[in-house]
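Visitor: Here are the chains, one letter per residue:
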Amino acid sequence: QVQLKESGPGLVQPSQTLSLTCTVSGFSLTSYHVHWVRQPPGKGLEWMGVMWSDGDTSYNSALKSRLSISRDTSKSQVFLKMSSLQTEDTATYYCARDLGPFDYWGQGVMVTVSS
Amino acid sequence: DIVLTQSPALAVSLGQRATISCKTNQNVDYYGNSYMHWYQQKPGQQPKLLIYLASNLASGIPARFSGRGSGTDFTLTIDPVEADDTATYYCQQSRNLPPTFGGGTKLELK
Numbered sequence: 001q002v003q004l005k006e007s008g009p010g011l012v013q014p015s016q017t018l019s020l021t022c023t024v025s026g027f028s029l030t031s032y033h034v035h036w037v038r039q040p041p042g043k044g045l046e047w048m049g050v051m052w053s054d055g056d057t058s059y060n061s062a063l064k065s066r067l068s069i070s071r072d073t074s075k076s077q078v079f080l081k082m083s084s085l086q087t088e089d090t091a092t093y094y095c096a097r098d099l100g101p102f103d104y105w106g107q108g109v110m111v112t113v114s115s
Numbered sequence: 116d117i118v119l120t121q122s123p124a125l126a127v128s129l130g131q132r133a134t135i136s137c138k139t140n141q142n143v144d145y146y147g148n149s150y151m152h153w154y155q156q157k158p159g160q161q162p163k164l165l166i167y168l169a170s171n172l173a174s175g176i177p178a179r180f181s182g183r184g185s186g187t188d189f190t191l192t193i194d195p196v197e198a199d200d201t202a203t204y205y206c207q208q209s210r211n212l213p214p215t216f217g218g219g220t221k222l223e224l225k
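Chains as they are written, first to last, in our numbering: chain D, 1 to 115; chain R, 116 to 225.
Honestly, the hints are just simulated from the structure, not real lab data.
Do not take every clue at face value.
As the list claims (entries may be wrong) - Derived SDA-like pairs: lysine to any residue, alpha-carbon spacing no greater than 25 Å straight-line: (1) D/Lys75 x D/Gln13; (2) R/Lys163 x D/Ser53; (3) D/Lys64 x R/Gly218; (4) R/Lys163 x D/Ser25; (5) D/Lys75 x D/Ala62; (6) R/Lys163 x D/Ser15; (7) D/Lys43 x R/Asn148; (8) D/Lys43 x R/Ser136; (9) D/Lys64 x R/Arg210; (10) D/Lys64 x R/Asp116; (11) R/Lys163 x D/Gln107; (12) D/Lys64 x R/Asn211; (13) R/Lys157 x D/Ser28.
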């Protein structure tokens, strides 16, 4: 069955770089796009970027200078790296499969930016 | 970017109909499809797809949920509302990049 699971540190210091991994199963990264979406506590959903099935990427223009998405198809993993973290980057980070809509989501990983 | 606007909250009684609206500032139709989707999110959980392409029920979603609309005006209807439906509901467009979400409508019981 289709599954996505995010992993990464729960706490990051301000100005540091966040590294998250989305491990997928039940489908191929070369057949489906995978997006990253985040949600600050008590707030709405913000699209961050996408790893297209062909290996290309697109980013939210507000985050583009700090954000990098990559993948390892052999491990069925998509990676997110975001630099220069600030307290406003505190959020739950989700990866989601793209079938037009986002049909499957990971459980999310809560990341707190604090010293 | 396409902006999606939802009312922040809605209170309905058990067994009644709930209608949640989503308005966009640009047309999200393309070649006969409306690229609007709806999600349900309960506290501490990831969003769950309910409706795709404006009116199509996602797999495993009960028929109490329905969606309609086109162009710039869309609605999600829950009829009848059950206690388990208390959640926040988000609309999302995939007509243009970046995909964008509405601010969410929190459904509460009276």
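Visitor: Hints first: check each against the structure and report whether it holds.
Guide: Hint check results:
1. D/Lys75 x D/Gln13: Not satisfied, since the Cα-Cα distance of roughly 28 Å exceeds 25 Å.
2. R/Lys163 x D/Ser53: holds (22 Å)
3. D/Lys64 x R/Gly218: Given that 25 Å is the threshold and the Cα spacing comes to 22 Å, the pair holds.
4. R/Lys163 x D/Ser25: holds (18 Å)
5. D/Lys75 x D/Ala62: violated (29 Å)
6. R/Lys163 x D/Ser15: Not OK: lysine 163 of chain R and serine 15 of chain D at ~33 Å, beyond 25 Å, violated.
7. D/Lys43 x R/Asn148: Given that 25 Å is the threshold and the Cα spacing comes to 29 Å, the pair is violated.
8. D/Lys43 x R/Ser136: holds (19 Å)
9. D/Lys64 x R/Arg210: Between lysine 64 of chain D and arginine 210 of chain R the Cα gap is close to 21 Å, so the pair holds against 25 Å.
10. D/Lys64 x R/Asp116: holds (15 Å)
11. R/Lys163 x D/Gln107: holds (11 Å)
12. D/Lys64 x R/Asn211: Holds, at roughly 17 Å.
13. R/Lys157 x D/Ser28: violated (28 Å)
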